[in-house]
Amino acid sequence: MNALRSIIRTRGLVQAYGPKIVLRGIDLDVPPGASGLLGPNGAGKSSFLRSILGLVPIREGRAEVLGLDSQRDALAIRRRIGLVPESDCLVPGMNAVEMTAYCGQLVGMARDDALERAHQVLYYVGLGEARYRDLGGYSQGMKQRLKLAQALVHDPDLLLLDEPTNGMDPPGREAILELIRDVSRNKGLHVILSTHLLPDVEETCDQVIVLHEGRVAETRPVAKSIIEAGRVFDVAGRGDFDRLRQLLMDAGHSVEDRDDGLRVTLNGALGVEPILQVAESMGEELELRHLVEAGHSLQDSFMEAVR
Amino acid sequence: MPIHDQGYRHWDGEIRQHPLRWWPIAQRGVMAVLPQRKVILLIVLAWLGPLVKGVTLYGKLRATDLLTQVLGDKGAEVGAKFFWGAIDQQGFIVLLFVVLVGSNLIAADRRFKALQLYFSKPLTPLDYILGKLGIVGTFLVLTVWMPVMLLWIFGLMIEPTAEFFGAVWFVPFSLTLYTLLLIAVAGLLILALSAVGQKGVFIAGAWIILFGYGPFQLVILLLRELSGQAFWSLLSVERDLEHVGAWFFGNATDPELHPVASLAVLLVVVAACYAVLRRRIRPVEVVL
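Heads up: the sequence lines are chains X and A, in that order. Taken in order, the first sequence gives residues 1 to 307; the numbers are from our numbering. Taken in order, the second sequence gives residues 308 to 595; the numbers are from our numbering.
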């Protein structure tokens, strides 16, 4: 499995519910590691997850997950995947140990193995002390942890998380993100995090896929967004912009012409200070009217992609 | 001091799904229901009738000479009518069991949104339905098939003669056939209602009406009497089952209705319930 270049590969994926088309020809190669699936409501994130799990028939195109065809090998795929659904869901009449072990049995674990593993993962997600408690008394954060435990019980290769921090308080959210980071970066599980919360993606993912109106609007490494944040600025105004360009380039920064001015990518430094210093050195030759960070943070990329 | 690693550990065990993927659902469901006190009480009650029948059987078979003189053929006496009577008397227990065990099986999963957990595992909707049907089926086997089967074995033990065996050899086959039909009809009907309804009490009420018990049965009989048309009886699932069951055991049936008509109605009920279940049990609920 580690040899796979893409954990998910789709070609011309079209998904529809009756006449309503929700995915419009998605071509995607999701690399190993942790990827964030970003998009506003109705962008097609959940439909994408359902398609790759083989829960709904694909209308056109094809999808492969871990090298398996999502329609033909749906059950084999679900044996290797752990899903953390978005909404609260419990198996009634069970405590956390029973529910987690039961989920392991449904995947194909022997009863004793599932029980032993249930204790392990419940401790891992922080429910060790509460594992025999009535689920009715569980807080939102505990329910999310339980959903994570039932997804991890059979040690999946790929973990799908649908809005895992929804409705959680900041400490609870941070704890869940830490668990996701840990399984992804330290334990080698591939992760797909579907969310509308950009910080969650920034904190846990290597790659971001932006979906908008059933299409892939953008894919990019998260690191690139973080690196570019605070380094790219748009400059506009009146005066000798040729000389400004030259001075900035002499200082080692990259400059590109735009219709209304220049886009400057700073070399190493962060913040507007290096540009201001050059502008001040030009005195009366330059009148700066516009100096803003250009849209290269993840937030800006997302907004541009869905605009 | 021992140090216990509570970090994430990979699991290197084997994942080998049961060939019957629905088996863990049925197994877990039975284990959850079985320890309930009311269920244990019902099981005890369900075995009282066959126990009395066993005593009767012993009396009949041991009073060989008398029965032979009075009835001529004792094998026929303890054959069809006797064993069908043992099943027929379980009717009310079956009603209670199916309602108690089945009414919440799917309704609760829908209330707690458990279906998305089930279908994130390697299961199909058919696996899920079979698993739930297996729970109802287990209790019907416990209360109908098993006691009557033991009664049959008991009869053979105290009367190990070719004559007796010749008169009752078909009982295991008829019993198994009838139990399977009962599980399919009663089980799928309660599951379909459980998939449609939300509250157990309403599901139970609807099941009793649709199954054709109580006042509903009286209305049907009244309609049959007043109109002089036997087909009204077909509207009661419970009467259809009784009609077909008696036919399986070679007993005299309703002379005005052919058992195949009742069987056809039961098969339509099974098909309709399955269609309802397939419509309601979906991996994904889509609201357009």
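Just so you know, these hints were derived from the structure itself, not from any lab. Keep in mind the model is a prediction, meaning the values are calculated, not measured. From the three backbone atoms N, C-alpha and C, an ideal C-beta is built for every residue, glycine too. Don't take every hint at face value.
Below, simulated BS3-like cross-link-like pairs (lysine-lysine); rule was C-alpha separation at most 30 Å, straight line [as the list claims (entries may be wrong)]: (1) 367(A) - 420(A); (2) 143(X) - 420(A); (3) 420(A) - 20(X); (4) 143(X) - 388(A); (5) 187(X) - 143(X); (6) 367(A) - 345(A); (7) 506(A) - 345(A).
Partial list, computed: chain X residues near chain A (C-beta under 7 Å) [what the hints assert, rightly or not]: (8) 55; (9) 57; (10) 85; (11) 89; (12) 90; (13) 92; (14) 97; (15) 107; (16) 108; (17) 113; (18) 115; (19) 181; (20) 183; (21) 241.
Outcome of the hint check:
no., hint, verdict
1, 367(A) - 420(A), "violated (55 Å)"
2, 143(X) - 420(A), "holds (13 Å)"
3, 420(A) - 20(X), "holds (25 Å)"
4, 143(X) - 388(A), "violated (56 Å)"
5, 187(X) - 143(X), "holds (23 Å)"
6, 367(A) - 345(A), "violated (34 Å)"
7, 506(A) - 345(A), "holds (19 Å)"
8, 55, "holds (4 Å)"
9, 57, "violated (11 Å)"
10, 85, "holds (5 Å)"
11, 89, "holds (4 Å)"
12, 90, "holds (5 Å)"
13, 92, "holds (4 Å)"
14, 97, "violated (13 Å)"
15, 107, "holds (5 Å)"
16, 108, "holds (3 Å)"
17, 113, "holds (5 Å)"
18, 115, "violated (12 Å)"
19, 181, "violated (11 Å)"
20, 183, "holds (6 Å)"
21, 241, "violated (54 Å)"
Of the hints listed earlier, those the structure fails to meet are numbers 1, 4, 6, 9, 14, 18, 19, 21, in rising order.
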